[in-house]
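Now for the letters of each chain:
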Amino acid sequence: MIKVLYFSWVRERIGQPQETLETRAENVTALVEELRRKDPRYAMAFSDLNALRVAVDQVLVDFDAPINGAKEVAFFPPMTGG
Amino acid sequence: MSINIFVQSDSFDLGDVSNKFVRAQHGMGAVVTFSGIVRDLNDDPLKFLEIEHYPGMTEKAIGEIAKNAMQRWSLGDVLVIHRYGKLSAGDLIMMVATAAPHRRDAFEAAEYLMDYLKSRAPFWKKENTNTMQGWVDAKDEDEDALSRW
Chain A
1353 MIKVLYFSWV
1363 RERIGQPQET
1373 LETRAENVTA
1383 LVEELRRKDP
1393 RYAMAFSDLN
1403 ALRVAVDQVL
1413 VDFDAPINGA
1423 KEVAFFPPMT
1433 GG
Chain W
2 MSINIFVQSD
12 SFDLGDVSNK
22 FVRAQHGMGA
32 VVTFSGIVRD
42 LNDDPLKFLE
52 IEHYPGMTEK
62 AIGEIAKNAM
72 QRWSLGDVLV
82 IHRYGKLSAG
92 DLIMMVATAA
102 PHRRDAFEAA
112 EYLMDYLKSR
122 APFWKKENTN
132 TMQGWVDAKD
142 EDEDALSRW
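Line by line, the protein sequences give chains A and W. For any residue, its number in the working numbering is found by taking its place in the first sequence, counting from 1, and adding 1352. For any residue, its number in the working numbering is found by taking its place in the second sequence, counting from 1, and adding 1.
What the hints contain is simulated information worked out from the structure, not anything from laboratory work. Do not rely on the hints blindly, as some may be mistaken.
[To be verified] 30 angstroms max Cα-Cα, derived DSS-like pairs, lysine-lysine:
| no. | chain 1 | residue 1 | chain 2 | residue 2 |
| --- | --- | --- | --- | --- |
| 1 | A | Lys1423 | A | Lys1355 |
| 2 | W | Lys48 | A | Lys1355 |
| 3 | A | Lys1423 | W | Lys61 |
| 4 | W | Lys127 | A | Lys1390 |
| 5 | W | Lys21 | A | Lys1423 |
| 6 | W | Lys127 | A | Lys1355 |
| 7 | A | Lys1423 | W | Lys68 |
| 8 | W | Lys21 | A | Lys1355 |
| 9 | W | Lys140 | W | Lys61 |
Based on the provided sequences and hints, a complete structural model is requested.
What follows is the structure in structure tokens.
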């Protein structure tokens, strides 16, 4: 089981801030593929990966990063702190 | 040499915080503080700005950035306060303070912290006016700013 979190407009498009999923995906890209197939809302939220950033266990990573053994994966747009 | 990070919805008193920070330094000759405030919009006044963040990762990410600054420059303490929640035009959003024996280290470290906080700390801003609400897009220039470090 893995916790998946969504922030900003990704959260709004998907319609929830987080969910817990059963997945066999070995990396982020494979998880995104699974999510895209779930529902059109996900397909829309994940339509352009260039507009998204991903963190695995609260560390910013690339989309080819492994998720085996990870506790949480978060998807969000580029950050706007400061 | 300590790092203090506060991610909070409450406001803070810039004067109080700055004075306490200065008094806590020993052997330092310079303190630089930067504060960010909510900018109003020109044609369509801001009703409020909503700041969302990723609890847990936010503190970790800022901690990493501050640790890197400590390694890179000769510093005393580093302080970062960043707010989340609903803010109005003119409200304080955040501040950084850096102390160093000499001013150049304090200035550069403060700029470094700000550049990284902009695009590596998990915050997102949503502007709300009477006519629209929309997420603030990250700027290419903010990402490009990191290349100088």
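To see whether the hints hold, each was checked on the structure:
The straight-line distance between the Cα atoms of A:Lys1423 and A:Lys1355 is roughly 6 angstroms, inside the 30 angstroms bound, and the hint therefore holds. Pair hint W:Lys48 plus A:Lys1355 does not hold up; C-alpha atoms about 34 angstroms apart against a cutoff of 30 angstroms. Between the alpha carbons of A:Lys1423 and W:Lys61 the distance comes to roughly 16 angstroms, so the proposed pair stays at or under 30 angstroms and holds. Between W:Lys127 and A:Lys1390 the CA atoms are separated by roughly 27 angstroms; this keeps the pair inside 30 angstroms, and the hint holds.
Simply put, W:Lys21 and A:Lys1423 have alpha-carbon atoms about 39 angstroms apart, too far for the 30 angstroms limit, and the pair is violated. Using a Cα cut-off of 30 angstroms, the hinted pair W:Lys127 and A:Lys1355 holds, with the two alpha carbons roughly 25 angstroms apart. Of the supplied pair hints, the one linking A:Lys1423 and W:Lys68 holds, its CA atoms being roughly 25 angstroms apart against a limit of 30 angstroms. The suggested pairing of W:Lys21 with A:Lys1355 is violated, with an alpha-carbon distance near 40 angstroms, which exceeds 30 angstroms.
Distance check on the hinted pair: W:Lys140 and W:Lys61 sit about 23 angstroms apart at the alpha-carbon level, within 30 angstroms; holds.
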